[in-house]
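Asker: Each chain is listed here by its residues.
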Amino acid sequence: MPVSKYVITLCDGPSCMQKRSKQVKDVIKVELEKAGLADKVRVITSGCLGMCAKGLIMIVNPGYVIYGNVTEKDIPEIVEKHLLKKKPVARLLIEEDHLYNRFYRVFGDVNFFGKQMRIALRNCGIMDPENVDEYLALRGYEALAKVLTSMKPAEVAAEVKKAGLRGRGGAGFPTGLKWEFTAREKDPVKYLICNADEGDPGAFMDRSMIEGDPHTVIEGMIIGAYAIGAKEGFVYIRAEYPLAVKRLEKALADAKREGFLGDNILGSGFSFDIEIRLGAGAFVCGEETALIHSIEGSRGMPRPRPPFPAQSGLFGKPTVINNVETWANIPVIILDGADWFSSIGTEKSKGTKVFALAGKIKNTGLVEVPMGTTLRQIIYDIGGGIPNDKKFKAVQTGGPSGGCLPEKYLDTQIDYDSLAAAGSIMGSGGMIVIDEDSCMVNMAKFFLQFTQDESCGKCTPCREGTKRMLEILTRITEGKGVDGDIEKLERLGNMIKKSSLCGLGQSAPNPVLSTIKNFRVEYEEHIAAKKCRAGVCEGLVTYEINAKCVGCGACKRVCPTAAIAGSPKTVHVIDQAKCIKCGMCFKTCKFSAITKK
Amino acid sequence: MVTPLDIVKKKRAEAINRIVGKGYLSTKRVYVGMATCEIAAGSKEVMEVFQNAAKQGLTDVYLSQKGCAGRCNLEPTVEVVEEGKIPVKYGKVTPEMAAKIIERHLKNGEVIKEWVIN
Chain R
1082 MPVSKYVITL CDGPSCMQKR SKQVKDVIKV ELEKAGLADK VRVITSGCLG
1132 MCAKGLIMIV NPGYVIYGNV TEKDIPEIVE KHLLKKKPVA RLLIEEDHLY
1182 NRFYRVFGDV NFFGKQMRIA LRNCGIMDPE NVDEYLALRG YEALAKVLTS
1232 MKPAEVAAEV KKAGLRGRGG AGFPTGLKWE FTAREKDPVK YLICNADEGD
1282 PGAFMDRSMI EGDPHTVIEG MIIGAYAIGA KEGFVYIRAE YPLAVKRLEK
1332 ALADAKREGF LGDNILGSGF SFDIEIRLGA GAFVCGEETA LIHSIEGSRG
1382 MPRPRPPFPA QSGLFGKPTV INNVETWANI PVIILDGADW FSSIGTEKSK
1432 GTKVFALAGK IKNTGLVEVP MGTTLRQIIY DIGGGIPNDK KFKAVQTGGP
1482 SGGCLPEKYL DTQIDYDSLA AAGSIMGSGG MIVIDEDSCM VNMAKFFLQF
1532 TQDESCGKCT PCREGTKRML EILTRITEGK GVDGDIEKLE RLGNMIKKSS
1582 LCGLGQSAPN PVLSTIKNFR VEYEEHIAAK KCRAGVCEGL VTYEINAKCV
1632 GCGACKRVCP TAAIAGSPKT VHVIDQAKCI KCGMCFKTCK FSAITKK
Chain Y
472 MVTPLDIVKK KRAEAINRIV GKGYLSTKRV YVGMATCEIA AGSKEVMEVF
522 QNAAKQGLTD VYLSQKGCAG RCNLEPTVEV VEEGKIPVKY GKVTPEMAAK
572 IIERHLKNGE VIKEWVIN
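In order, the protein sequences belong to chains R and Y.
Just so it is clear: in the first sequence, position 445 is 1526 by this note's numbering, and no numbers are missing.
Just so it is clear: in the second sequence, position 73 is 544 by this note's numbering, and no numbers are missing.
Isolated chain R (complex conformation):
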């Protein structure tokens, strides 16, 4: 492909699509052809670019020139003046100095990035995270200054509430409301916490945000502290993120030196400071009350709520605790405005959400999309679909607390409520794509193994219940499942959900219950037919030697239980009674002579 001189991005969000984005794209192609620019200009479509009121939106890079209200008849002029004579068409220009989508200038022409909208991740990957100057140059700390200059604390909380921002850690509680509850408390000492105890297997958005743009998180926290009247804040981050901790420490020191933290911030009279607390990596410490106990120096175990941290949190004081991604949204809400923020997303879920896209997908990575984007758009348009022409089987959202959704839910819009209605959760943003080679029972077992290990042991349903569920699942995958196991899992699972103390136990059965709901037949096959259709569960697999065997004896030599017999140059045989199904023969055979069933 020749190197493009220009990249034209046409917004293809729902609103711009109504303004004939498809037809305009066709006209552009024709005009480029006429002007002899067809191989010098790339035309791509994006997801919603967040300027719906001025649609159809068209961005020309380099330069991030934004045109609004574009119609088919404007195209010849844009091609002629902008692309040929390098003079942007003034009458269509939109003057926008928005904070979101900063990354677009650098990455917008790559399909994977161009379809995204980035608020929390806006600076990740385009600046040096260890240089506060680069953050300042990107309008860093301007939101804080605006708040300190012209807004009362109550107005800040009201603005966040109006924006409709909900907690990005997964529970989805309205952030502004949480702030108001805390601000309302009479106690003069209040605390603020950033929850960076990211623990879901395969999720890494918090690490990326802190490593890529630590000041955004810090700025969000200072603004939050001003809104609720806190003087001290903590970032609770796991010790296994050493680089994130190092960058955060550097950023805190820089912020303090520049007067954004400490006493009398920017001469406003408001004082606030942030300390780092390292977690040892217990999953349960992501639960807010357990996290608070851990900061206090006690064992990280949850306690019943109420009282909620907003009333009685850290050291018994009113406390606001929000996730890294939630804090990273705050500066944008302040500068780009609550009205803009709430124009993005669905009715009840505003803004964007970051997902860590992993599993059987071509483009793995971090994805930030507007709420309301469908699972299909993320997996196929951004993620590029399933590699090796395999068939899509399910998508798992929300990590060990979430559920697996099969193909019929692919058009589900991503927001807190739709995902919950489909039987999964938003969670903190893990998204694992599963193809036909994965066994759903084994998958559920994997997640339950994780939560079982991480159960703190304080309440019986979670401690004992998950253990019993895991035992049943293990026996099913070993081919020892019995009639009634599925019903037992359902009964136990629902009981654990209802009676556990904290979110860990209340959500631990989700992977099992959702796979039973959507893939019950696979459970039944494991139990009744002793068959694992994906060939994953070792106990249910049989290895047999087929006619392709040349009698080389390689399998015989590696078999640890001497289960393979046969003389040289004759077809060998596996003694099923001795076979322990380790798969060594299968891996060793060079002639595809061993069949796995």
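Honestly, the hints are just simulated from the structure, not real lab data.
One should not assume that every hint holds.
As the list claims (entries may be wrong) - Once the Cα atoms are required to be at most 30 Å apart in a straight line, the calculated BS3-like pairs of lysine-lysine come out as: (1) K480/Y x K1327/R; (2) K515/Y x K1121/R; (3) K1312/R x K1331/R; (4) K1312/R x K480/Y; (5) K481/Y x K1227/R; (6) K1086/R x K556/Y; (7) K1162/R x K1110/R; (8) K578/Y x K499/Y; (9) K584/Y x K1115/R; (10) K578/Y x K1086/R; (11) K1612/R x K1629/R; (12) K1443/R x K1548/R; (13) K1162/R x K1086/R; (14) K556/Y x K1110/R; (15) K563/Y x K1121/R; (16) K578/Y x K1327/R; (17) K1086/R x K480/Y; (18) K480/Y x K1166/R; (19) K1115/R x K556/Y; (20) K1443/R x K1677/R; (21) K1443/R x K1242/R; (22) K584/Y x K1166/R; (23) K1106/R x K1135/R; (24) K1337/R x K493/Y; (25) K480/Y x K1242/R; (26) K1103/R x K481/Y; (27) K526/Y x K563/Y; (28) K1168/R x K1154/R; (29) K1233/R x K1243/R; (30) K499/Y x K1327/R; (31) K1471/R x K1429/R.
Position chain Y against the provided structure of chain R, taking the given hints into account.
Answerer: Here is chain Y on its own, set in the frame of chain R:
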């Protein structure tokens, strides 16, 4: 009265001056991904190649690290940003490729198409 907004605006102007003083307005800006994931994929070695080249007199290039943009399976990534041109994004960069990017792209202005992410 000086407001916090005035202070931050002044700080921004100073910050921009400092960045420019470090050579930000050089013809080419090179960003090497240096988050945990990128480093695990080998970006430190790539960064060293660029740093050594800078020590040995590679001129008119502003070299910086960056966080992870989120393109996991193509890491380490390196961007070459040039004013007035579409930024070039290289994926799965090895130290050997980095040396070639320096020779062919940074010194001779040739975009090495087969390594470009798009």
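Asker: Next, verify each hint and record whether it holds.
Answerer: Here is how each hint holds up against the structure:
1. Taking the CA atoms of K480/Y and K1327/R, the gap is about 28 Å. The hint holds against a cut of 30 Å.
2. Restraint check for K515/Y and K1121/R: the C-alpha separation of about 34 Å exceeds 30 Å, so the hint is violated.
3. A distance of roughly 20 Å separates the Cα atoms of K1312/R and K1331/R; the hinted pair therefore holds under the 30 Å criterion.
4. Taken as a hint, the K1312/R and K480/Y pair is honoured in the structure, with Cα atoms around 25 Å apart against an allowance of 30 Å.
5. Under the criterion of a C-alpha separation no larger than 30 Å, the hint pairing K481/Y with K1227/R is consistent with the structure, at around 14 Å.
6. Simply put, K1086/R and K556/Y have alpha-carbon atoms about 6 Å apart, close enough for the 30 Å limit, and the pair holds.
7. Among the hinted pairs, K1162/R with K1110/R is consistent with the structure: their alpha-carbon atoms are about 16 Å apart, no more than 30 Å.
8. Between K578/Y and K499/Y the alpha-carbon distance is near 10 Å, which keeps this suggested pair within the 30 Å criterion.
9. A C-alpha spacing of about 26 Å is found between K584/Y and K1115/R, which places the hinted pair at or below 30 Å, so the restraint holds.
10. In summary, the hint linking K578/Y to K1086/R is supported, as the alpha carbons are separated by about 20 Å, within the 30 Å threshold.
11. In summary, the hint linking K1612/R to K1629/R is supported, as the alpha carbons are separated by about 24 Å, within the 30 Å threshold.
12. A hinted pair counts as satisfied when its Cα atoms are at most 30 Å apart, and K1443/R with K1548/R does not qualify at roughly 35 Å.
13. Distance restraint check for K1162/R and K1086/R: the Cα-Cα separation of roughly 15 Å lies within the 30 Å cut-off, and the hinted pair is therefore satisfied.
14. Annotation: proposed proximity of K556/Y to K1110/R holds, straight-line Cα distance about 21 Å (limit 30 Å).
15. A hinted pair counts as satisfied when its Cα atoms are at most 30 Å apart, and K563/Y with K1121/R qualifies at roughly 25 Å.
16. Taking the CA atoms of K578/Y and K1327/R, the gap is near 34 Å; set against the 30 Å cutoff, the hint is violated.
17. Taken as a hint, the K1086/R and K480/Y pair is broken in the structure, with Cα atoms around 34 Å apart against an allowance of 30 Å.
18. For the given pair, K480/Y sits about 35 Å from K1166/R by alpha-carbon distance, which is inconsistent with the 30 Å threshold.
19. Restraint check for K1115/R and K556/Y: satisfied, since their Cα atoms lie roughly 23 Å apart, inside the 30 Å limit.
20. A distance of roughly 26 Å separates the Cα atoms of K1443/R and K1677/R; the hinted pair therefore holds under the 30 Å criterion.
21. For a cut-off of 30 Å, the pair hint linking K1443/R to K1242/R is broken: about 38 Å separates their Cα positions.
22. Taking the CA atoms of K584/Y and K1166/R, the gap is about 26 Å. The hint holds against a cut of 30 Å.
23. This hinted pair checks out: K1106/R and K1135/R have alpha carbons roughly 17 Å apart, not beyond 30 Å.
24. Simply put, K1337/R and K493/Y have alpha-carbon atoms about 23 Å apart, close enough for the 30 Å limit, and the pair holds.
25. The hinted pair formed by K480/Y and K1242/R meets the criterion: a straight-line CA distance of about 27 Å does not exceed 30 Å.
26. For the suggested pair K1103/R and K481/Y, the alpha carbons sit about 45 Å apart, so the restraint of at most 30 Å is broken.
27. Taking the CA atoms of K526/Y and K563/Y, the gap is about 24 Å. The hint holds against a cut of 30 Å.
28. Proximity of K1168/R to K1154/R is assessed by CA-CA distance (about 18 Å); at most 30 Å being required, the pair is judged to hold.
29. In summary, the hint linking K1233/R to K1243/R is supported, as the alpha carbons are separated by about 15 Å, within the 30 Å threshold.
30. Distance check on the hinted pair: K499/Y and K1327/R sit about 29 Å apart at the alpha-carbon level, within 30 Å; holds.
31. For the hint pairing K1471/R with K1429/R, the CA-to-CA distance comes to about 35 Å; that exceeds 30 Å, so the pair is violated.
Consistency with the previously given hints fails for numbers 2, 12, 16, 17, 18, 21, 26, 31, ordered from lowest to highest.
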